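Taken in sequence, the protein lines are chains A and B. Residue numbering for the first sequence follows this note's numbering, starting at 1 and increasing by one per position. Residue numbering for the second sequence follows this note's numbering, starting at 1 and increasing by one per position.
Warning: the hint list may mix true and false statements.
Said to hold, decoys possible - Quick list of the computed label-pair ranges, beta carbon to beta carbon:
id : chain 1 : residue 1 : chain 2 : residue 2 : range
1  : B       : Gly63     : A       : Gln2      : 18 to 26 Å
2  : B       : Asp38     : A       : Lys55     : 31 to 39 Å
3  : A       : Glu29     : B       : Asp54     : 19 to 27 Å
4  : B       : Gly40     : A       : Ile112    : 13 to 21 Å
No wet-lab data here; the hints were simulated from the structure. Keep in mind that this is a model prediction, so the values were computed, not measured. Ideal Cβ positions, reconstructed from N, Cα and C, are used throughout, including at glycine.
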Amino acid sequence: AQTVTQSQPEMSVQEAETVTLSCTYDTSENNYYLFWYKQPPSRQMILVIRQEAYKQQNATENRFSVNFQKAAKSFSLKISDSQLGDTAMYFCAFVSGGGADGLTFGKGTHLIIQP
Amino acid sequence: DAEITQSPRHKITETGRQVTLACHQTWNHNNMFWYRQDLGHGLRLIHYSYGVQDTNKGEVSDGYSVSRSNTEDLPLTLESAASSQTSVYFCASSESPASDTQYFGPGTRLTVL
Numbered sequence: 001a002q003t004v005t006q007s008q009p010e011m012s013v014q015e016a017e018t019v020t021l022s023c024t025y026d027t028s029e030n031n032y033y034l035f036w037y038k039q040p041p042s043r044q045m046i047l048v049i050r051q052e053a054y055k056q057q058n059a060t061e062n063r064f065s066v067n068f069q070k071a072a073k074s075f076s077l078k079i080s081d082s083q084l085g086d087t088a089m090y091f092c093a094f095v096s097g098g099g100a101d102g103l104t105f106g107k108g109t110h111l112i113i114q115p
Numbered sequence: 001d002a003e004i005t006q007s008p009r010h011k012i013t014e015t016g017r018q019v020t021l022a023c024h025q026t027w028n029h030n031n032m033f034w035y036r037q038d039l040g041h042g043l044r045l046i047h048y049s050y051g052v053q054d055t056n057k058g059e060v061s062d063g064y065s066v067s068r069s070n071t072e073d074l075p076l077t078l079e080s081a082a083s084s085q086t087s088v089y090f091c092a093s094s095e096s097p098a099s100d101t102q103y104f105g106p107g108t109r110l111t112v113l
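Let the hints inform the model, and build the full structure from the sequences given.
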């Protein structure tokens, strides 16, 4: 079974700073996908970024980028020029290439952006 | 626009009652999932379906059941609600079971007294 670990329960940074959220995972598979989801106080789960394990290039979406280290099984999220609206819970998630068992989530990191 | 909806958004029930949470998607996705979210646990998979008449158990399926009679709906039933099932429940759907993004509904907060 896969496991996903987010070691930072809570982080706080000033607006406009850059912040990095950590995620490690454990799997014996070679084909899989990794995701970061954002959950603001509204409770809605919103996809931030997606990474395919077979792609070496790190995914980017505007101010959001990942550092994917396959050998180390690490998948960190970097948020540049942080904004007040980035305040939310952030969840790292894993799914095997076969799709069985759905997404496996980490326990989340509560990110607070201070004005 | 395509969407995924859940109803009710909030529900309070009593121990031992049967409860059904509805999930409806207009994405025309074959793959649908139910998760529960509890403090300190993130989201955990309850049941999932890869198409009509297909259902599979997830990590925390005890006390829950689902049925899939059409593409759009995957209702989640708690046969005999227990206080341990107080949680926030999310439904999700995706075009592919693995590679594609799962789109989530707004969640249902269930309280079992």
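Status of the hints after comparison with the structure:
Between Gly63(B) and Gln2(A) the C-beta distance comes to about 24 Å, which sits within the given range of 18 to 26 Å. Between Asp38(B) and Lys55(A) the CB atoms are about 33 Å apart, so this pair conforms to the stated range of 31 to 39 Å. Between Glu29(A) and Asp54(B), the C-beta spacing of about 22 Å keeps the proposed range 19 to 27 Å intact. For Gly40(B) and Ile112(A), the hinted distance range of 13 to 21 Å is satisfied, since their beta carbons lie about 18 Å from each other.
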